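Chemist: If you want the building blocks of each chain, they are given just below.
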Amino acid sequence: MLRPALEPAVAARDRERRTPGEAGVWVFILGDMTVFAVFFGAFLVARSKQPAVFAASREDLVVAFGAVNTLLLLTSSLLVARAVRAHRAARSREAVSLVGAAGVCALLFVALKGVEWGERLSHHTTPGTNDFFMYYFALTGVHLLHLLLGSAGLAVLWRTVRRPAPRPADRLIVECVASYWHMVDLLWVVIFPLLYFAST
Amino acid sequence: MTSTGTGAHDFRIWRICAWAGPVYAVGELVSWAGIARFLPPPRENWSADRVAGFYRGHEVAIRIGMEGVLIFALLYALWSVAIARVMRRAEGPEGLLSSIQLIGGIITALITMGCAVFWLTASFRAQTRAPDEIQSLNDTGWMVFDMTVMATLIQMVAFGVLWLLRDARGRATPLMPRWVSYASFWMAATFFSVFFMPSFATGPLSWQGIVTLYVALGAFFAWIGIVSVLLLRAIRRIEAEELGPAPAVSADGAPATRPSEPVAAL
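Protein sequence lines, in the order shown, are assigned to chains A and B.
Counting from 2, one number per residue, gives the positions in the first sequence under my numbering.
Counting from 1026, one number per residue, gives the positions in the second sequence under my numbering.
Think of the hints as simulated: they come from the structure by calculation, not from any bench.
Remember, it's a predicted structure, so these values are computed and weren't measured experimentally.
In this text, a Cβ means the ideal position worked out from N, Cα and C, and glycines have one as well.
Be aware that a few hints might be false.
What the hints assert, rightly or not - Chain B is faced by these chain A residues, among others (derived, beta-carbon under 8 angstroms): (1) VAL26; (2) PHE29; (3) ASP33; (4) PHE40; (5) GLY142; (6) LEU196; (7) PHE198.
As the list claims (entries may be wrong) - Computed beta-carbon distance windows for the label pairs: (8) A:ALA166 to B:ALA1193: 23 to 33 angstroms; (9) A:GLY119 to B:LEU1121: 40 to 50 angstroms; (10) A:PRO194 to B:ALA1193: 26 to 36 angstroms; (11) A:ALA153 to B:LEU1121: 13 to 23 angstroms.
Using the sequences and the hints given, assemble the complete structure.
Modeler: Structure below.
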């Protein structure tokens, strides 16, 4: 432990230079985003080859689903960010309820996604229908996978902020999970206009 | 002999096993992609006739290529043994992660053999075999290649988890850096795309797709490369810990050999 006089200075320096979480988790996050970038690129190339098919198929999507999902994820990101701040200020009860609320948003997203897919499938629209719907199911499916992984992270986050006595690894866990969740949100913010709003 | 019972010759075998990984990677790529010409592969949405045409078109090249795949496959298991021993040095003899990693590695080697056997059979008697049968064998090869990915995923995750935990011997610097854990998790995460493969016959998530094949396989080979480099480094460090640092040259100017007795048993 440092002498008390030195601690504020070191803490201040720490605040200036620190990477959220740790450097390694950004390998994971940026790597994931790179794969999605490849995916988006493939979608755009496919769309340029069949603009009429893509434009016509896009009309079948219900924008309201996508819009509500976007709101849910943006809200959950805000809640998670506030939870991180509450945790840092040792307001654990507030942090717990914020994380819980974010988890509810995630559950609603999954439920709504299920309803939306069900609606599509009831119209006999499958990944094999055409290239647009192949990408639609692929992009939303892979994103859902990431969201489920992020939800598991939220569960870990919930357990972490619940603890009455903080452990040294807590800051790392909180920031890593929060960063990953923001990535999941960011990916959806790109997917939503890409799929639901065309512009040729 | 050191307190761990490891002699100088064991380190040589350990290093050979560590090199088995890169040899596997190169051998498989040359055999599978180069000789058998499976990159790009027969497409998931091809008709049986077209698939049969692929196999009949270069039957012998596929045979030789797949035999090459079978020859190099078990090297992956040797490599996994080398990793497991480094992991055990870090987590202690009672730890589970090194065993989980090894199990994943052995199964991965078997998977490599499995898909090669099906593709080899698809090319066998291809001229007279019915196209539907050839397609069926081709499909099964791809199912073995892709859908068994959990074995490799568990190997990579077990490996990654260890380096985020505290070293059992209290080493200040762990035997492997923390970023390799996250890299392992990310690369393993790309494997989940294969679970979309049976539902997507075209596009990035088909078995020939850019995500399911090129990104995932690229991640697998990149992981072998990265881990092999770190593995050799870790083995060298363990050797120095247990046998003492390698002397460059002895007093009379001749190249020195490592003492057969340890400098200090740790």
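Chemist: All the hints need checking, so say for each whether the structure fits it.
Modeler: Quick rundown of the hints versus the structure:
no.	hint	result
1	VAL26	6 angstroms, holds
2	PHE29	4 angstroms, holds
3	ASP33	6 angstroms, holds
4	PHE40	6 angstroms, holds
5	GLY142	6 angstroms, holds
6	LEU196	14 angstroms, violated
7	PHE198	21 angstroms, violated
8	A:ALA166 to B:ALA1193: 23 to 33 angstroms	25 angstroms, holds
9	A:GLY119 to B:LEU1121: 40 to 50 angstroms	41 angstroms, holds
10	A:PRO194 to B:ALA1193: 26 to 36 angstroms	50 angstroms, violated
11	A:ALA153 to B:LEU1121: 13 to 23 angstroms	21 angstroms, holds
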